[in-house]
Amino acid sequence: DGGITQSPKYLFRKEGQNVTLSCEQNLNHDAMYWYRQDPGQGLRLIYYSQIVNDFQKGDIAEGYSVSREKKESFPLTVTSAQKNPTAFYLCASSLSSGDYYEQYFGPGTRLTVT
Amino acid sequence: KNQVEQSPQSLIILEGKNCTLQCNYTVSPFSNLRWYKQDTGRGPVSLTIMTFSENTKSNGRYTATLDADTKQSSLHITASQLSDSASYICVVSGGYNKLIFGAGTRLAVHP
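Going line by line, the protein sequences match chains U and R.
So that you can map any letter, position 38 of the first sequence is 357 in the working numbering, and since no number is skipped, the others follow by simple counting.
So that you can map any letter, position 14 of the second sequence is 57 in the working numbering, and since no number is skipped, the others follow by simple counting.
Accuracy of the hints is not assured; some may be wrong.
Claimed, not checked - Here are some of the chain R residues that sit facing chain U, going by a computed Cβ distance under 10 Å:
#1 Q52
#2 I55
#3 I56
#4 L57
#5 S71
#6 N75
#7 A111
#8 S136
#9 A151
Stated by the list, open to error - DEER-style ranges, computed between Cβ atoms:
#10 U/G335 x R/R85: 29 to 35 Å
#11 U/D378 x R/S126: 30 to 36 Å
#12 U/T324 x R/E48: 30 to 36 Å
#13 U/K328 x R/G103: 41 to 47 Å
#14 U/K402 x R/H119: 36 to 42 Å
#15 R/T121 x U/D373: 27 to 33 Å
#16 U/G417 x R/G59: 37 to 43 Å
#17 U/T431 x R/G59: 20 to 26 Å
#18 U/T396 x R/N45: 42 to 48 Å
Worth flagging that the hints you see were computed from the coordinates, not collected in a lab.
Nothing here was measured: the structure is a model prediction, and the numbers come from that model.
Beta carbons: idealized from backbone N, C-alpha and C, even for Gly.
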């Protein structure tokens, strides 16, 4: 069963704690992305990776960190420095990072920080 | 400023009826325009991708149009079904692997 998996679906944390969101793909895609979705707003890019061991900041990288040690995995850490971490987080992947490549999205993780 | 604006914000229609969703963009440079369907609490799923030279593309009951001169796109849904209830997101690729997302139109199809 090919695709992108994100876990967990729901995550609850106390303010001040770091939390790591998982994203795995078995599509053999080179590029992977993390987006944040807030009500009434379009998706915003947090980080992206075009290849293993390489990643770039997106539009809203502050308070987040990522790693890309394996092609299949692109975990996102939400640190205590992120001012408003409660949101719906979406991971995506594409065959390559060119403009025309389709991005396939995972099911998302809803993070609630209190 | 690169922007993608969608209208209406929300829409309610009866099952079996047609509807059209609008997308206006001010993204430059322009590479391609995509429409995604997002069910509540799920990730978006691609419906169509259109380049500058394409002005119509269909995917089953979904037909997207693109007018690159006026920077407008529309998504027409024919013979709506209850399963069409979702948010529809317009996304413009501005080159350099940069996607600009609209806020979406929330469609509710009622029996």
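Hint by hint, here is what the structure shows:
no., hint, in the structure
1, Q52, "8 Å, holds"
2, I55, "18 Å, violated"
3, I56, "21 Å, violated"
4, L57, "26 Å, violated"
5, S71, "14 Å, violated"
6, N75, "6 Å, holds"
7, A111, "15 Å, violated"
8, S136, "5 Å, holds"
9, A151, "16 Å, violated"
10, U/G335 x R/R85: 29 to 35 Å, "30 Å, holds"
11, U/D378 x R/S126: 30 to 36 Å, "33 Å, holds"
12, U/T324 x R/E48: 30 to 36 Å, "33 Å, holds"
13, U/K328 x R/G103: 41 to 47 Å, "28 Å, violated"
14, U/K402 x R/H119: 36 to 42 Å, "40 Å, holds"
15, R/T121 x U/D373: 27 to 33 Å, "44 Å, violated"
16, U/G417 x R/G59: 37 to 43 Å, "40 Å, holds"
17, U/T431 x R/G59: 20 to 26 Å, "38 Å, violated"
18, U/T396 x R/N45: 42 to 48 Å, "28 Å, violated"
Hint check: violations occur at hints 2, 3, 4, 5, 7, 9, 13, 15, 17, 18; the rest are consistent with the structure.
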